[in-house]
Amino acid sequence: MENEAGALSRVAGLFSARGYNIESLTVAPTEDASMSRMTIVTSGSEEIIEQITKQLNKLIDVVKLVNLSEDEHIEREMALIKVKAVGEAREEFKRLADIFNGRIIDVTEASYTIELTDSGEKIVEFIAAINADQIIEMVRSGVSGIARGEKSLHA
Amino acid sequence: MELTGAEILVRSLKEEGVKHLFGYPGGAVLHIYDALYQQEDVKHVLVRHEQAATHAADGYARSTGEAGVALVTSGPGATNAVTGIATAFMDSIPMVVITGQVYSNMIGNDAFQEVDSIGITRPCVKHNFLVKDVADLAETIKKAFYIATTGRPGPVVIDLPKDVTANKAEFNYPKEISMRSYNPVVEGHIGQIKRAVTMMLGAKRPILYTGGGVVLGRGAAELTELAQRLNYPVTNTLMGLGAYPGTDKQFLGMLGMHGTYEANMTMHHCDVLIAIGARFDDRVTGNIEKFCPHARIIHVDIDPSSISKNVKVDVPIVGSVPNVLQEMLAILKDGDKKPDEQALGEWWKQITEWRDIDCLKYDEQSGKVKPQQVVEALYRETNGDAYVTSDVGQHQMWAAQYYKFDKPYRWINSGGLGTMGFGLPAAMGVQFAHPDATVACVTGEGSIQMCIQELSTCLQYGLPIKIIALNNRYLGMVRQWQEFFYDGRYAMSYMDALPDFVKLAESYGHVGMRIDNPADVDGAMEEAMKLKDRLVFMDFVTDSEENVYPMIPAGAGLNEMILV
Chain A
62 MENEAGALSR VAGLFSARGY NIESLTVAPT EDASMSRMTI VTSGSEEIIE QITKQLNKLI
122 DVVKLVNLSE DEHIEREMAL IKVKAVGEAR EEFKRLADIF NGRIIDVTEA SYTIELTDSG
182 EKIVEFIAAI NADQIIEMVR SGVSGIARGE KSLHA
Chain B
192 MELTGAEILV RSLKEEGVKH LFGYPGGAVL HIYDALYQQE DVKHVLVRHE QAATHAADGY
252 ARSTGEAGVA LVTSGPGATN AVTGIATAFM DSIPMVVITG QVYSNMIGND AFQEVDSIGI
312 TRPCVKHNFL VKDVADLAET IKKAFYIATT GRPGPVVIDL PKDVTANKAE FNYPKEISMR
372 SYNPVVEGHI GQIKRAVTMM LGAKRPILYT GGGVVLGRGA AELTELAQRL NYPVTNTLMG
432 LGAYPGTDKQ FLGMLGMHGT YEANMTMHHC DVLIAIGARF DDRVTGNIEK FCPHARIIHV
492 DIDPSSISKN VKVDVPIVGS VPNVLQEMLA ILKDGDKKPD EQALGEWWKQ ITEWRDIDCL
552 KYDEQSGKVK PQQVVEALYR ETNGDAYVTS DVGQHQMWAA QYYKFDKPYR WINSGGLGTM
612 GFGLPAAMGV QFAHPDATVA CVTGEGSIQM CIQELSTCLQ YGLPIKIIAL NNRYLGMVRQ
672 WQEFFYDGRY AMSYMDALPD FVKLAESYGH VGMRIDNPAD VDGAMEEAMK LKDRLVFMDF
732 VTDSEENVYP MIPAGAGLNE MILV
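The listed protein sequences correspond, in order, to chains A and B. Okay, so the first sequence: first residue is 62 according to the working numbering, each after it adds one. Okay, so the second sequence: first residue is 192 according to the working numbering, each after it adds one.
Simulated from the structure, these hints should not be mistaken for laboratory data. From the three backbone atoms N, C-alpha and C, an ideal C-beta is built for every residue, glycine too. Worth double-checking, as some hints may not be accurate.
[To be verified] Partial selection, computed: residues in chain A whose CB lies under 8 Å from chain B:
| # | residue |
| --- | --- |
| 1 | E63 |
| 2 | G67 |
| 3 | G74 |
| 4 | E111 |
| 5 | Q112 |
With the rest of the complex left out, here is chain A (with noise of 0.2 Å):
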């Protein structure tokens, strides 16, 4: 879409305005400045999705729009998870880390923050392997997508 001020809202404006889900909306610029891609990750029936897209499209700003789960692509977030780490957990959670390819890039006496970047699904797993009271506090990006294979949102 345009990189223009204002944009942004156009978008979350539309999804509250027209009671759609967003379960995450990441937005930067990208090799053109005049430019910036967002990728927004929203459920619904098929109509709803329709819905979505046409109404996304009439958006003056949206100057190219793809569902890519429609088709093959790649899916990526990061996640930063603080982790209490003393005693056992300390080996627990650098074994964990090494299993989902994640890792540890800030460490205290009593605590780790683990850098982890996958799918989303991947990312979902990795939280639920830990318990819950075990986290001091984490941040997710949201998810980026693109294309699999030569296709882009150019052609």
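We have chain A; now place chain B onto it with these hints.
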């Protein structure tokens, strides 16, 4: 030569062919008013409230098909304009609204008369722009008119900080504009059009259901040709009246909640529904579960998001109405297949039976002035050729039912948003666009008081509008629902302490008339229309208990009308 932003704005409006600008001054737009003062190409019309500026611009647009333009100041000027902007948005009316804004460096500081106009109007505009650099101004105005008038039309807001109107830039008005993110589809998909024609010709019980998109898309002539070539029945939505001649024998009247018996029954029993420039609004469909149970549906619309939004359709066609209908006509003319004459004959026989019920008949011997009688008198006295605006409520439905519009752009009402207070300022816009035409505002004593201050504007500019007030001393449509669905508990739907409208009109320098005897209706109407250069406020004291029939109650299907 470098011009100030204010001068660029005025010059750009001239380039767009804008002749009238409806507005109200204030601090943030003083540079613009100064620029307007020093030229004569764009005539500014001073309204009495910003809501009226937007409604007047809207009325101008609805009666011409061209964009209406309004100018208001920041803060309360902008918020007052919002009702008019939302009204235009719901009915897809091309309009450009310029709102003043505080100095750029003050934005966000809670400055005097500051409001986030872009944020407030975002959900009710087709698009809006905040202009930060005077160098972008001319191009932004070009884009605004382009967006407002193309595709599915709609209002566009341009928010102009005061410093931008003072700063200078070279003035070059772009001749053309193209936007990578905005390319409305005009041509329909030819394969889909062929499928649609085959389905239409195979129909045994067809109906054309057509809406405001036929008027806005300038497709009335094509619709008439198509319908008459096929001899199919036609019904119009509230917004589509005039798109097909209201006096033609193939016309079944309006459909929907207060549509005719024949239109709604024909809809309910049809086997092929041809929807053109209509959006399956809830006031049209009734209970969606019971809507047209036997029909396969073709839907032509310029806006893809209107298709299969409320009702799933079988043949969607995205494109402009005249383009698609011309393609359909070309296929029909080339092909040798004709509609099924025998089936159509039986269908018309059935429709005639429904029509013979005469659902719009009313008691003409009651001794009271009937609102229907007043609209019929207006119709006769104006030879069916007036521009008729309305407010919202019972009088709106009676005007739609009893004034038979033969031409598009003649029926001007707030259909989607249902804005009381629309009628009089909209009539002002219409009168400016058509100075020699008869412009009638059919209203009620409730609605007219929502923008009554505009009687002053009408005096200033000598607008000879004929106000037809159906005064039943009730908020009639609210009262009707309370009678039907709330056991007659008339909570706040009565109008006590009404002004003397005759004296009120006279105090504004206009002519006032009160008519309370049914025998006087025709004579009064004739007398009022003879006063060609005066505004006449006709206060018709009508039967206070009269209801709008037929009516489809909430949850019912189109075949479940209350007739009396």
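Hint check:
Nearest Cβ of chain B to the Cβ of E63 of chain A: about 6 Å, under the 8 Å cut. The hint holds. Taking 8 Å as the C-beta cut-off, the interface hint given for G67 of chain A holds, the closest approach to chain B being about 6 Å. Hint status for G74 of chain A: holds, given a least beta-carbon distance of 6 Å to chain B, under 8 Å. Satisfaction of the interface hint for E111 of chain A is found here, the shortest Cβ-Cβ separation to chain B being roughly 7 Å, below the 8 Å cut-off.
At a threshold of 8 Å, the smallest CB-CB gap from Q112 of chain A to chain B is about 6 Å, leaving the interface hint in force.
Checked against the numbered hints given earlier, this structure breaks none of them.
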